[in-house]
Amino acid sequence: MIINDIKANKLVSAATCIFMAVTAMLLGLSILLYASLADSIDSLMTEAKTPDFLQMHTGELDEDDVNSFSQQREDIEAMQICTFLNLQNSQISIGNESFENNMQDNGLSCQSSLFDYLVDADNKVIYPSEGEVYVPVCYRKEYGIKSGDVMRIGKEELIVAGFLRDSQMNSMMASSKRFLISEPDYERLRQLGSEEYLIEFRLKDGSDINAFATAYKDAGLPDNGPTITYPLIRMMNALSDGMMILVILLVSVVVLLISMLCIRYIILTQLEKDKTGIGMLKAVGISRRDIRKLYMSKYLILSVVGCMTGVIAAIITAKPVGAQMRELYGNAGNTGLIYALMILGALAAEGMILLSVSRLLHRTDRISAADALYGRGSFGKKKNLWLPAMIITATAMFMILVPQNMKSTIEAPEFVTYMGIGESHIRIDVRQTGNVRKIAGEVTEDIGHDNRVRDYVLMETGSYRTILQNGSSYDLMIENGDHSRFPVRYTEGRYPENDREIALSVLNAEEMGVKLGDEIIVCKEMKDGTAEEISCSVCGIYSDITNGGKTAKACMKDPDDATPVMWSIIYLSLADEDLTREWTNEYQDRYSSFESGVKVTLIADYLKGTYGQTIRNISKAAAVSSVMACFVLFIVMLLLIRLVVWRERNDSSLKKALGFTSSDIRMEYLKKTVTYILPGIVLGVFAGIVPGQSLAALLLRSMGAYSFRFIIDPLTVFAAAPAMIAVSAVLAAILSLTEVKRIHAWECLRAGALK
Amino acid sequence: MKELLTVKHLGKADILKDINFEIKEGEMVAVMGPSGSGKSTLLYNVSGMDDPDTGEVMLGDTVITGMNEDEKAELRLKRMGFVFQQMNVLENLNIIDNIVLPSLHADRKRKKEYCERAMELMEGFHIGDLAERKVSEVSGGQLQRACICRSMISEPEIIFADEPTGALNQTAATEVIESFLKINRDGTTILMVTHDSRIASMCERILYILDGEIRGELKLGKKEQNDNREREQKTVRWLAEMGW
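Line order of the protein sequences matches chains A and B.
Our numbering applies: residue 1 is where the first sequence begins, and numbers increase by one.
Our numbering applies: residue 1 is where the second sequence begins, and numbers increase by one.
Be aware that a few hints might be false.
[Stated by the list, open to error] With a cut-off of at most 20 Å between alpha-carbon atoms, the simulated SDA-like pairs for lysine to any residue come out as follows:
| id | chain 1 | residue 1 | chain 2 | residue 2 |
| --- | --- | --- | --- | --- |
| 1 | B | Lys12 | B | Asp51 |
| 2 | B | Lys78 | A | Ser663 |
| 3 | A | Lys741 | B | Gly11 |
| 4 | B | Lys78 | A | Lys671 |
| 5 | A | Lys741 | B | Met67 |
| 6 | A | Lys383 | B | Asn92 |
| 7 | A | Lys671 | B | Leu104 |
| 8 | A | Lys741 | B | Asp70 |
To be clear, the hints were calculated from the coordinates, so they are not data collected in a lab.
Construct the complete structure from the given sequences, taking the supplied hints into account.
Next comes the structure, spelled out in structure tokens:
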């Protein structure tokens, strides 16, 4: 009986099954990807023994100080100092590909002795032979590198023996990349670059990393470079793929809601259609519970088929969607548990749908056998089916626009201002050199003579001890310079205008517990060896991702301030924007003669280098989401309009009897479709921009971008996306309306009774 | 008078067998027969709502059989009117909008003219004050008279009525048949399927159909004042002879 019913209502049964399958697939896929990512990252970080605390340092290093500190503390499990040989990107090439335009700090490392291992595709520790190099796996696809290729560093050559996973620098959001070579090769190549130290600690279980970090600073140990902790590494690893998973999860929740709504309409329509049948069943004495069970079994069968199809589809889709993830972090170890979780997710989705079905079926109790037999009474208020069509159009629009807007925002040049970087054309970094101040001064002077440069500003970053109002002290990386020239986006307040003002990054402000207007005492090391304390008021708070999001901006210009400059950045814009690449290349060549440490970068390239991976993932998610939205809308409209046509069959038959042609009736429906989808599109565009922005802001907050606003691509938002939605809806309508031809003029005379 | 509707050798599956009849301009003809005799099927087939398997139907000089759906729709729109037993109307429209629906569909530009004509017709059938009412706010008899107005709005050559009083009480049925007589007196041809011998006796002719065949015909002539009783008796006797 159930099978016959499914056969008799092929379209409706198929649509119900498709909704159930798509919901199960999306929810299953999000769980599968999320669990795989979390598990792979954990496996990688466990196998590679990622450090809990890492201090990068450039310059002199007294190992004894670090050793004695580590011996004194009981929370340290192991300590090691690794070296990283920073290379000029222009020196590096692999195969025929040059690394000249690469944005990362690329360098050579040897395998660590105790922990922080560089591992292969099976997460096994790699020990390269002499003459061999292992390349970070993230470059494999980007540069089309394969084993056996030759890597050239200046005139030196190494053979690519394979690819490595670096548990702390795998993500493109980490700014450095380590190439693994043997110790003899490292010694031989040492003179090609500048050496940096990675002072790494593994802490005992349950140790407080923050307390350890403060103790490290307080001990006055080497800290000329960023500090990185285990949670930060984990977050960076998770972010680029995590964003995509979040988008898929968002889509799956939307699809679940749409499915529940549509299945509700399908059932209500079906019940109306079966009214006399239900009356008959009631009349012959079948209990209300048994009638519900009869319907429930049908939906249970459809749900089982849908769930199985969904799970299979999720497993198939996970392969291409999670390819990058697997390459970077490896296969998840605990596949049994992950698949169990995925199936559980799919079952949960089906469970929610079946629960709503079960509640709806209680409506069969509402009418008596007599009423049902005579076609009287109703299972619920006859709903306007066009309204859900409008809402679903808006939802589909929203599904397309949010990821698209996120993509266009991250791709937009002004996005850097959310990231703590001024909106300029070019930045010149002066780092890892003995005398940053002197070299930066020379470069600035050089630029000052170049009349192609429209504007430039020099920023010098140093580590200053600060004292808060409650007496606690805090080390701040303060970037000194004129912040009015290429301002970043301030979440609150504005840039510092005088030496008594300071702006803090959101993370710093949160961690220090200060707000706008609070006073902070900044300690300067003076040339005469004394320390001077000045009180600065917090004038602005901005979002930042550079240096782990913990920075500060000020404009303290004191010639007697002897606080060492850790690095300098010169931001500049040219009068003619078209010349930027040429100018960048020219200055790159010019400064390649400096011993090291001067890097000229196009901001656009910097952005691409840092966020390329994220943009690619979001693009992928945006494409999946757009296809999904159009597909869901198509199916829903197909179904809804079919239901409308079915419900208004008598009216259409009457119209035919009165002389309307099938085309006239179809045209009326098409006009109505357009009348309802247009406001749906407008609503969707609005939702995709306004509430969508808040939603995206929540996601981007995790990337360090605060007070986020969409930077939209008008062509996509106002033309392409609405066109996609309109075409999907109208195509579905045209297809559904073929049914009108099958309505006969005489039907209204036979079945009649509209009143 | 000229023939308006000509039906020759009409056949449809086992329901209608070799049906032949003609209706002249200005005539009012009833088709009677027991349930399942094929009355409604006959109506669908002669009005172009369904396609017969064999035979030919002509409205004036126009051959309906063989026309495509769109051509038949246009014919129904412009040259035919329909009144149904169940008073099929669109519930989301008010009374006057239901009346002008077919004519507006034919020519939207003449909306004002059609509304005026609809009001005229409604006044003629004593339902002028119901124009703006919802379908659910009027009685069955009033609604059926509104349906007759709808059938008249495009000034059709012929009106097909399928059990027009079938769902009405005695008083409402009398009001409706009075309305039919009025439009027939004004020159409109009517072909009506009915179960009610009293209603049928008001027509000029009655065709009796049984098992898909026309078994007999009663000619009563034009209705005149105060001849109801005589016509009814004659009809009942004839029906009894036919085995009714």
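Cross-check of the supplied hints:
Taking the CA atoms of lysine 12 of chain B and aspartate 51 of chain B, the gap is about 8 Å. The hint holds against a cut of 20 Å. Among the hinted pairs, lysine 78 of chain B with serine 663 of chain A is consistent with the structure: their alpha-carbon atoms are about 17 Å apart, no more than 20 Å. Our distance criterion of 20 Å between C-alpha atoms is broken by lysine 741 of chain A and glycine 11 of chain B, whose separation comes to about 24 Å. The hinted pair formed by lysine 78 of chain B and lysine 671 of chain A fails the criterion: a straight-line CA distance of about 24 Å is larger than 20 Å.
Restraint check for lysine 741 of chain A and methionine 67 of chain B: the C-alpha separation of about 16 Å stays at or below 20 Å, so the hint holds. With a C-alpha separation of about 13 Å, the suggested pair lysine 383 of chain A and asparagine 92 of chain B falls inside the 20 Å cut-off, and the hint holds. The straight-line distance between the Cα atoms of lysine 671 of chain A and leucine 104 of chain B is roughly 17 Å, inside the 20 Å bound, and the hint therefore holds. For the proposed pair lysine 741 of chain A and aspartate 70 of chain B, the alpha carbon gap of about 11 Å is at most 20 Å, so the pair holds.
Violated hints, in rising order: 3 and 4; the structure is consistent with all others.
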